[in-house]
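Undergrad: This is what each chain is made of:
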Amino acid sequence: MATFFRLRIVRDLGIALIVVFGAGSIAMLLAHVSPVDGFYALFDGAFGTTSEFAETLVSATALLFPALGVALAFRAGLFNIGAEGQLVLGGLAAGVTGVLLPGPPVVSIVATLLAGALAGGLWGGIAGFLKSRFGANEVIATLMLNVIAGLLATYAVDGPLHFASANEGETPLLAKTAWLPAIVPDTRLTISIVIALLLALVLWFAFNRTVFGFELRAAGGAPEAARRAGVDLRRIALQAMTYSGAIAGLGGATLVTGVLHRFNTGLSPGYGFVAIAVALVGNLEPVWIAVAAFAFGILQNGALSMQAEASVPRDVVNVIEGLVIIALAGRRYIAAQRTT
Amino acid sequence: MSEPLLALRGIRKRFGTVQALDGVDLDLNAGEIHALVGENGAGKSTLAAIAFGAEIPDEGRLETKAVVGLVHQHFQLVDRLNVWENVLLGREPKRGWRIDRVAARERVRALATGHGLDVDPDAIVETLPIGVQQRVELLRELERAPGVLLLDEPTAALAPTEIASFFRTITALARSGTAVLIVTHKLQEVIDYSTRVTVMRSGRVVARYVTTATSTGEIARAMVGGELPPLAERAPTTPATRLRARNLSAGSSGGLVDGTFEVRAGEIVGVAGVEGNGQSALADALAGVISYTGTIELDGVPLTAAVTPAARLASGVRVIPQDRRTEALVLGWSIAENVALGRHQTAPIRRGSILDRAAVLAAAKDVIERFGVRPSDPQTAVAALSGGNQQKIVVGRALGAQPKLLVAYQPTRGIDVGAAALVRSRLIEARNAGVAVLLISFELDEIFALADRVLVMSGGRFVGTFDRATVDRGRVGALMAGGR
Amino acid sequence: MNAFLIALIAIAGLTLVKATPLIFAALGGVLSERSGVVNVGLEGIMIGGAFAAVGVSGATGSPWLGASAGVLAGALLAALLAFVATKLGYDQIVAGTGLNIAALGAAAFGLVLVFGQPGASREVPAFGAVGETALTVLALALAAALSLFLNRTPWGLRVRACGENPRAAAAAGIDPVRTRFWAVVAGGAIAALGGVFLSLAELDLYSDGMTAGRGFIALAAVIFGRWTPFGATGAALFFGFFSALQYTLQRAGIPSELMQALPYLAALVALAGLAGRVRAPASDGLPYAGTPVRPSSGMTHASSAEWPRDRP
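Chains as they are written, first to last, in the numbering used here: chain R, 1 to 340; chain U, 341 to 824; chain P, 825 to 1136.
It is worth saying that the hints were derived from the structure and are not from the lab.
Be a bit skeptical, because a hint or two may be false.
[Said to hold, decoys possible] Some residues of chain P that are not near chain U, with every Cβ distance over 10 Å (derived): (1) 1027; (2) 1037; (3) 1074.
[As the list claims (entries may be wrong)] Here chain R is said to cover these stretches of chain P; the calculated rule only asks that three of the stretch's residues, wherever they fall, bring their Cβ under 8 Å from a Cβ of chain R: (4) 922-928; (5) 936-942; (6) 1055-1067; (7) 1081-1094.
The C-beta atom is built at its ideal place from N, Cα and C for all residues, glycine as well.
So that you can see chain R by itself, here it is in the shape it has in the complex (with noise of 0.2 Å):
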């Protein structure tokens, strides 16, 4: 059994390389660029100085916690697309609180990523509410919820949230309390990526020994048994998104206050979509998704290197991870993915 789970998995990220050097190398050479100049320049960004290895990691946290979320949902048996507005919208929150929140560090920066959790997972629970109270389809609400975010950040910066002494588009620093302490020196590294891995161990603990994640498993594995069995499927809906919501936000938060210092509309270059292709990858395992999270934090990193000393454009990366996600569409997790 355990050695089949193995297999898997070794098939499986044998074919997201596959895709990755494959995809990557036609793309280079369409840029005109030699695919070993172009993967070096990759790697070399990725992990070429320590500050560079701390930037990737970097990328990585800020993919691994949406993923986690995405995943949670999904063992749940719903897909949430939304994670990305999720993330936003919990980075706003953030950075307003962390302005507004001068205090002792701890409390400014406890404060701060539950407002961002909260504010994901308010964002998150309305998609979940919709699901179990209506039925409503939940890939459309998200769908449509992360454009709404979206503009509902760039109203409230400017508008009703914005703060005089801040540009267009963004929130004024945030009070330095407020600020995640790094734990690499002059890198950008903090201890966001500690709270990331123990919260993969908190939900990889929540998924395998709680009666909560034994119910959620049961929701997204056999709904109509689960239901038999006593589990409250609309309850269960309502927690799952609220909760991935959550931490989608958090994250979010985590970049705000680590990264950026401020909120600012362009916080995320898509990391909600990117995270659905890392939860994949992870076969939706809390301790496998933070592998893959590294792994697509390489991707994401070394693609600003390549650009740079390369001259490939990085929106090659999002090609290859749009790929991946299609690669590894044929895994079935949930009873919604049955055949007919």
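Fit chains U and P to the supplied structure of chain R, relying on the hints for placement.
TA: Only chains U and P this time, still in chain R's reference frame:
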């Protein structure tokens, strides 16, 4: 002797670890009604699918010059389309680039009348009763003028009067030269209507008979390969009322209407009836899965009419659902986790917010031992188990929870003979130990083997009650068909 | 009174303009879903169509050639999804999401390669008022044509059968995999026209993310239109109306983001109201996992199939 219209030679087919067919030969001759019998899992449906072309065997030869038609056990109709669209799908009469609807209607009408089948070409299939839907499926195959017609369990969902009418059509077809194969386990129909019988067991042909020269007893013995293991002994019990239902109505059309009945501790009440006469609504109302009107009392305490299976489970009601694959098991999980499902909200498996893994393992091992589940490793994925072993887990976990009331809905559906006998024995043992058992089954033989009392359902209502000692098979059959 | 009438006509016209890309995308979605394949990748297909149209129009100077290229690009993108979803039986929603991400990235990549600059292309030869009107008329005509196709023609009947019960279709001798594949590809070609309209009719350039979620609104339109061509068109017009309102109300001092959000909010509200009351094609979203049926049909020659074929 003339050449058979269809011949199968040396057919082998494997699904995963199960050898469904292990070297099967079969001939179908013009004008015969050939019965293919065997217990569940014998390979009959697979063989029919191969003869039709829907499955490809691993080895073997299929020879036929004829057009082959197949009427499936579970109809393959497009519910939202109408009758002529279903019958003429893929062979639509055209006028330019459009479908010629007038011609289509006419063709279907003529075809139906020609075979003595009464059906409205414009009716939407999902609005039709099951017996009529079967006619549509039959017409679809007849439209292709098949030389060979395969029918898979054609009378499973028909009332006795519909069965007689069905066989009239089939006999006429055979007389006109078609070779008919009927896959069935209803031995009386085999004796009454077929010309030849082929008996299968565990993927092999074990006997061939000419119908006039054999009997249901001989066929049954060949199907089972000897005598069945005896069922558990029925101990004397002193039944006290446990479940009392009054004026129970549930479900929409085809549901339960005004049901009043009792089930006592230490007895098995069998609910007999043709599929689709309210049994599902009855089971679901008791399970707390659908809403209902009327009252249900368990040991004198009224159960709330709220739709919460959790409350029912807490009250001591356990249900063996009709479809284990979607309603009872999480196929991707292990045996252990499946045993825990439904018992995960109370001690000993639940400890606060955590699952007690030792308790889960203990419960799983208990079920595996008592029911002889193979393979016996609790971490085995349930999807890898045979249907019989899967059902053992469902039954075992329900009984392991020491229920007050057990609702067993088709508890031996689609499992092999051995597993079925074991499940039935365990049900009797539960009855002996004081559990109140409500057995809902579409197999009259099962009801008669197990029940202390028999209730008959027809049209959603309870239309008759019989004691074990005085039950009359003919009367029950008549009541099932809606007679008096 | 005259001013009111003029305003009304203006809004009506603007509604049509805003709705046209949605109509194309929604019709593509309807065709795909009626055959049983959910196409979440409409957004990516529209992007692909928009970009290809601009690229080719810029290179050749002809918006018509550009439009054709857009249609072709949409068909190709849809073919990728169709292959993965039908022949391989992969999860349609996951694959569609991947397609969106990949297409967006590919278009951004292409921007730099073809136009040498990120963010937006330069202006290219585009459709004038005549071409724009022609496309809108085409959209409405396609709605009628698709309705006729689905309800009156043999192929439409087969598409519908595959979407409801592919096993039944297989039992009738139809190949659900092939039927679904071509339905998705054709749907992609139609949907891509929506992107072409955005980049060559409403504007005359391509900019990153210019579809702004319209492909997702089209999905909502498919549901509200109860998976019928006319219904989806009506829903698209409804959403287009909200978009059109945005410009009028903006002058009333209401923030533009709120206006932009109106169609998406409307979609959410309607989603909540309609869920449970509409029925998708029964096999929508479920890959067909049966073997292709080959009913033995002797006809004029003996059919003697022998397996396994490769044994000596």
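Undergrad: The structure should be examined with respect to each hint, and the outcome stated for every one.
TA: Going down the list of hints, with the structure as the test:
| no. | hint | in the structure |
| --- | --- | --- |
| 1 | 1027 | holds (37 Å) |
| 2 | 1037 | holds (31 Å) |
| 3 | 1074 | holds (44 Å) |
| 4 | 922-928 | holds (count 7) |
| 5 | 936-942 | holds (count 3) |
| 6 | 1055-1067 | violated (count 0) |
| 7 | 1081-1094 | holds (count 8) |
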